[in-house]
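Number of protein chains: 2
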Amino acid sequence: MGKTDTRTLVAETVEKVDENVILKGWIDSIRDHGKITFIDLRDRSGIVQCVGQDLPSVTSESVVEIQGKVSKRPEGLINKNIKTGTVEIQVGKLEVITKAQELPLPISSDGYSIDENIRNKWRYLDLRRTRMNTNMKVRSKVANFMRNWLNDRDFVEIETPILTKTTPEGARDFLVPSRLQPGNFYALPQSPQQYKQLLMVAGIERYYQFARCFRDEDPRADRAYGEFTQLDIEMSFVTQEDILQMAEILFTELVKKIFPEKKISKSPWPRLSHREAMEKYRSDKPDLRKNKNDKDELAFAWVLDFPLFTEQSEEDYFHGSGVAKFAPSHHMFTAPHPDDIELLEKDPMKVRGLQHDLVLNGYEVGGGSIRIHQPEVQSKVFDLIGFTKDQKKQFSHMLNAFTYGVPPHGGIAPGLDRFLMAILGEPSVREVMAFPTSASGQTAVLDAPSKATESQLKELAIKVAADEE
Amino acid sequence: MGKTDTRTLVAETVEKVDENVILKGWIDSIRDHGKITFIDLRDRSGIVQCVGQDLPSVTSESVVEIQGKVSKRPEGLINKNIKTGTVEIQVGKLEVITKAQELPLPISSDGYSIDENIRNKWRYLDLRRTRMNTNMKVRSKVANFMRNWLNDRDFVEIETPILTKTTPEGARDFLVPSRLQPGNFYALPQSPQQYKQLLMVAGIERYYQFARCFRDEDPRADRAYGEFTQLDIEMSFVTQEDILQMAEILFTELVKKIFPEKKISKSPWPRLSHREAMEKYRSDKPDLRKNKNDKDELAFAWVLDFPLFTEQSEEDYFHGSGVAKFAPSHHMFTAPHPDDIELLEKDPMKVRGLQHDLVLNGYEVGGGSIRIHQPEVQSKVFDLIGFTKDQKKQFSHMLNAFTYGVPPHGGIAPGLDRFLMAILGEPSVREVMAFPTSASGQTAVLDAPSKATESQLKELAIKVAADEE
Numbered sequence: 164m165g166k167t168d169t170r171t172l173v174a175e176t177v178e179k180v181d182e183n184v185i186l187k188g189w190i191d192s193i194r195d196h197g198k199i200t201f202i203d204l205r206d207r208s209g210i211v212q213c214v215g216q217d218l219p220s221v222t223s224e225s226v227v228e229i230q231g232k233v234s235k236r237p238e239g240l241i242n243k244n245i246k247t248g249t250v251e252i253q254v255g256k257l258e259v260i261t262k263a264q265e266l267p268l269p270i271s272s273d274g275y276s277i278d279e280n281i282r283n284k285w286r287y288l289d290l291r292r293t294r295m296n297t298n299m300k301v302r303s304k305v306a307n308f309m310r311n312w313l314n315d316r317d318f319v320e321i322e323t324p325i326l327t328k329t330t331p332e333g334a335r336d337f338l339v340p341s342r343l344q345p346g347n348f349y350a351l352p353q354s355p356q357q358y359k360q361l362l363m364v365a366g367i368e369r370y371y372q373f374a375r376c377f378r379d380e381d382p383r384a385d386r387a388y389g390e391f392t393q394l395d396i397e398m399s400f401v402t403q404e405d406i407l408q409m410a411e412i413l414f415t416e417l418v419k420k421i422f423p424e425k426k427i428s429k430s431p432w433p434r435l436s437h438r439e440a441m442e443k444y445r446s447d448k449p450d451l452r453k454n455k456n457d458k459d460e461l462a463f464a465w466v467l468d469f470p471l472f473t474e475q476s477e478e479d480y481f482h483g484s485g486v487a488k489f490a491p492s493h494h495m496f497t498a499p500h501p502d503d504i505e506l507l508e509k510d511p512m513k514v515r516g517l518q519h520d521l522v523l524n525g526y527e528v529g530g531g532s533i534r535i536h537q538p539e540v541q542s543k544v545f546d547l548i549g550f551t552k553d554q555k556k557q558f559s560h561m562l563n564a565f566t567y568g569v570p571p572h573g574g575i576a577p578g579l580d581r582f583l584m585a586i587l588g589e590p591s592v593r594e595v596m597a598f599p600t601s602a603s604g605q606t607a608v609l610d611a612p613s614k615a616t617e618s619q620l621k622e623l624a625i626k627v628a629a630d631e632e
Numbered sequence: 164m165g166k167t168d169t170r171t172l173v174a175e176t177v178e179k180v181d182e183n184v185i186l187k188g189w190i191d192s193i194r195d196h197g198k199i200t201f202i203d204l205r206d207r208s209g210i211v212q213c214v215g216q217d218l219p220s221v222t223s224e225s226v227v228e229i230q231g232k233v234s235k236r237p238e239g240l241i242n243k244n245i246k247t248g249t250v251e252i253q254v255g256k257l258e259v260i261t262k263a264q265e266l267p268l269p270i271s272s273d274g275y276s277i278d279e280n281i282r283n284k285w286r287y288l289d290l291r292r293t294r295m296n297t298n299m300k301v302r303s304k305v306a307n308f309m310r311n312w313l314n315d316r317d318f319v320e321i322e323t324p325i326l327t328k329t330t331p332e333g334a335r336d337f338l339v340p341s342r343l344q345p346g347n348f349y350a351l352p353q354s355p356q357q358y359k360q361l362l363m364v365a366g367i368e369r370y371y372q373f374a375r376c377f378r379d380e381d382p383r384a385d386r387a388y389g390e391f392t393q394l395d396i397e398m399s400f401v402t403q404e405d406i407l408q409m410a411e412i413l414f415t416e417l418v419k420k421i422f423p424e425k426k427i428s429k430s431p432w433p434r435l436s437h438r439e440a441m442e443k444y445r446s447d448k449p450d451l452r453k454n455k456n457d458k459d460e461l462a463f464a465w466v467l468d469f470p471l472f473t474e475q476s477e478e479d480y481f482h483g484s485g486v487a488k489f490a491p492s493h494h495m496f497t498a499p500h501p502d503d504i505e506l507l508e509k510d511p512m513k514v515r516g517l518q519h520d521l522v523l524n525g526y527e528v529g530g531g532s533i534r535i536h537q538p539e540v541q542s543k544v545f546d547l548i549g550f551t552k553d554q555k556k557q558f559s560h561m562l563n564a565f566t567y568g569v570p571p572h573g574g575i576a577p578g579l580d581r582f583l584m585a586i587l588g589e590p591s592v593r594e595v596m597a598f599p600t601s602a603s604g605q606t607a608v609l610d611a612p613s614k615a616t617e618s619q620l621k622e623l624a625i626k627v628a629a630d631e632e
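Top line first, the protein sequences correspond to chains A and B. Under this note's numbering, residue 632 is the last one in the first sequence; the count climbs by one each step, no gaps. Under this note's numbering, residue 632 is the last one in the second sequence; the count climbs by one each step, no gaps.
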């Protein structure tokens with residue numbers, strides 16, 4: 164990179180036959196044949212075989228610098244399993260930069276059978292395994308493809324705050340005590356829902372961000388504890404049809420580019436009404452693959468025409484009103500189907516919402532909707548949810564914003580972790596996250612959550628309740 | 164975008180002379196000349212003049228759909244101030260989509276003279292002003308340029324957790340009470356310092372992310388309260404020289420592409436030792452512009468050879484040990500200059516650190532260092548800071564990680580908000596953020612921080628101390 168960088172990457176050696184090179188990386192494996200030692204050297208570009216005599220003793224996974232000459236392997240010794248299989252390095256000098264003690268977990272396997280707590284504790288080693296390393300690189304490539312695709316189409320990437328107010332999406336909030344306003348709390352966003360709608364009022368028209376979302380919900384295989392990342396997209400002056408087509412083109416082109424080995428089983432993607440999905444597949448995220456053993460089959464589908472409301476339960480954390488009424492099945496900003504507006508008065512449970520769920524191989528990998536942009540409709544929905552006057556007041560900024568020239572708008576938010584899990588066929592979202600939190604909320608490697616000091620708590624004007632019992 | 168989208172953007176009208184078009188957007192201004200009305204219609208692509216007779220009454224900033232015919236303006240009526248100045252729209256039909264009431268703040272000015280609290284309360288309107296709208300688009304372009312530049316050079320974008328453990332960077336943490344582990348707290352990261360170093364141990368070699376960082380510090384013009392964004396870059400097998408050259412090339416190419424009107428006053432960038440900067444300019448971030456009134460002059464500079472330690476004060480929140488010793492001037496993971504290792508024992512205040520600060524026009528727009536990768540050196544630095552055994556134990560995962568084959572590594576983290584503020588000549592970082600928090604910690608538009616409910620606090624096992632007094 165800089166002028167002082169004389170290092171050659173492992174993958175570049177095939178182009179440097181008979182040249183002297185300096186390689187740096189990890190000892191992937193060692194085979195000692197008496198005087199002659201074979202070393203597989205690993206760096207970010209791959210693996211290459213190095214051969215030397217009377218080399219200093221070195222342990223696996225140590226970091227070394229090797230000076231040597233690239234030589235062509237004879238035809239019969241070519242290793243077709245690695246990209247550098249046509250060459251090997253004749254080691255002139257091997258210097259140990261940092262020594263590795265024995266690793267606490269194996270990293271040459273795929274790692275599935277190793278206890279997840281062990282893998283998380285030494286995540287920095289777990290990420291060395293080929294599968295995990297590849298997953299990280301694929302994740303980066305996918306995000307970059309999506310960004311460039313959207314940038315090419317006039318979308319503006321905008322960051323919204325993490326320290327914010329509760330966005331009632333039906334899950335439990337994480338709270339952050341405020342030092343400057345003792346007794347008050349920020350909430351971490353369950354999604355940037357209100358901010359992205361406000362950006363439409365701001366005239367941005369096409370917005371996206373890779374948004375970190377926070378929900379204090381129990382984890383599942385397809386849901387990490389605490390935080391996840393979604394590609395948050397919002398557009399003005401669009402119909403639901405526009406959003407569906409946009410997403411379908413984006414993902415189709417993404418698959419073609421990043422996952423050329425995968426086949427989308429049906430295009431255009433099947434569309435099911437919620438009722439149809441439930442009746443036919445007993446699921447609102449049906450797995451429509453023809454052959455569930457085909458790891459390269461991708462069955463995308465849309466589920467539409469969800470009911471706008473479901474029955475409210477104790478679990479609906481957003482209401483808190485105690486008045487059990489109707490709960491939004493998506494969220495409280497989803498627009499009712501224009502044909503069903505009158506039913507809002509007469510029979511709310513029959514109103515369809517302009518919601519769309521994106522399903523891939525049986526996973527819900529994204530959801531969105533056309534949003535309400537009429538203050539009176541939004542107000543009516545608040546009433547149906549059972550909001551008190553005070554609760555409505557908490558959303559007065561939205562009703563207010565809609566009086567200054569709001570464009571019709573809507574969007575979709577594919578979950579990046581969930582999508583990667585589905586397309587890579589991984590058993591859990593944690594396989595596509597660098598440092599996932601465990602089911603008990605324990606962070607990888609670092610020992611959190613942990614105790615706060617007395618002076619921290621004092622500054623924040625809070626007390627730990629348990630301490631007093 | 165979709166097949167159903169028949170809308171023409173304002174900027175496209177110049178290519179559609181004599182064609183019928185459908186435009187959608189905001190009424191930027193209206194001039195009523197009796198029967199004839201002139202309307203400037205604004206959408207994300209710009210502004211176009213529309214002319215019509217007997218149009219329905221409409222207010223400024225309302226959202227409308229205009230059907231009309233594009234006509235070429237006669238030579239004498241061409242408006243050279245706008246991109247669509249060669250045409251105007253003969254309005255056939257104007258439909259009000261949503262009406263705007265009178266705005267609570269003007270948006271046609273640059274907005275500097277308006278009270279910031281007013282601007283933040285109606286930020287979704289404030290962002291409509293040309294200057295703010297442009298700032299948002301420039302920010303998106305800059306971030307995208309940086310990403311693609313790094314992706315093209317083998318960097319992998321990796322997201323690290325927001326719910327994590329305190330990273331002692333010398334500032335106050337935000338805490339998040341854990342529900343699953345009552346009495347324990349997550350901290351929001353002051354930077355992803357430990358995670359990015361662990362990613363180097365993981366063999367990623369080249370990492371970046373646009374990292375959200377959180378510090379509960381009093382705000383200044385060049386520092387927003389609460390959160391900011393940095394382009395977090397870390398590399399293995401590099402020297403400080405490699406990092407400086409990488410950053411210099413990245414920013415030089417960025418300026419050329421995104422800010423072609425700007426001129427970098429000296430290249431290669433001047434390099435000053437910390438001592439030299441302080442002696443010559445009485446500042447560790449000197450403004451080296453030749454002409455401070457030239458808004459297009461960019462004076463980048465490096466400040467190097469910082470002392471590794473400064474005197475520790477009460478404000479150094481990371482120590483908490485009460486044993487006032489040495490405080491890292493950058494952070495506790497910065498490597499001492501190799502020539503000064505022996506001074507760690509003899510005279511720690513004389514040790515230089517391998518820190519580098521990136522300065523632009525008198526602002527520190529980035530900082531970084533070569534990191535310690537030897538457990539014994541890291542341990543020594545912990546001792547000099549005055550860490551107790553228990554405090555050292557909190558970082559045992561770092562010392563431990565370094566025993567499994569750690570590459571020498573280092574990095575740099577340009578602050579995105581600060582860089583944009585400096586290059587755009589804005590008076591505050593809040594001018595380049597969509598929804599900045601006020602000095603008192605109040606969020607834009609939304610009313611946070613705010614009260615939590617009793618049941619929320621109970622679930623989190625905390626109490627508000629003030630309630631009991």
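Fair warning: there could be bad hints in the mix.
Cut-off 27 Å, straight-line C-alpha distance, at most; resulting in silico cross-link-like pairs (DSS-like, lysine-lysine) [to be verified]:
#	chain 1	residue 1	chain 2	residue 2
1	A	K543	B	K614
2	B	K614	A	K262
3	A	K243	A	K179
4	A	K614	B	K552
5	A	K621	B	K488
6	B	K300	A	K621
7	B	K556	A	K614
8	B	K488	A	K555
Don't read these hints as lab results, they were simulated from the structure.
Verification of the supplied hints:
1. A:K543 - B:K614: holds, 25 Å
2. B:K614 - A:K262: violated, 53 Å
3. A:K243 - A:K179: holds, 18 Å
4. A:K614 - B:K552: holds, 16 Å
5. A:K621 - B:K488: The hint holds at about 25 Å.
6. B:K300 - A:K621: Not satisfied, since the Cα-Cα distance of roughly 42 Å exceeds 27 Å.
7. B:K556 - A:K614: Answer holds: B:K556 to A:K614 is near 14 Å, not above 27 Å.
8. B:K488 - A:K555: Judged against 27 Å, a Cα distance of about 53 Å means the pair is violated.
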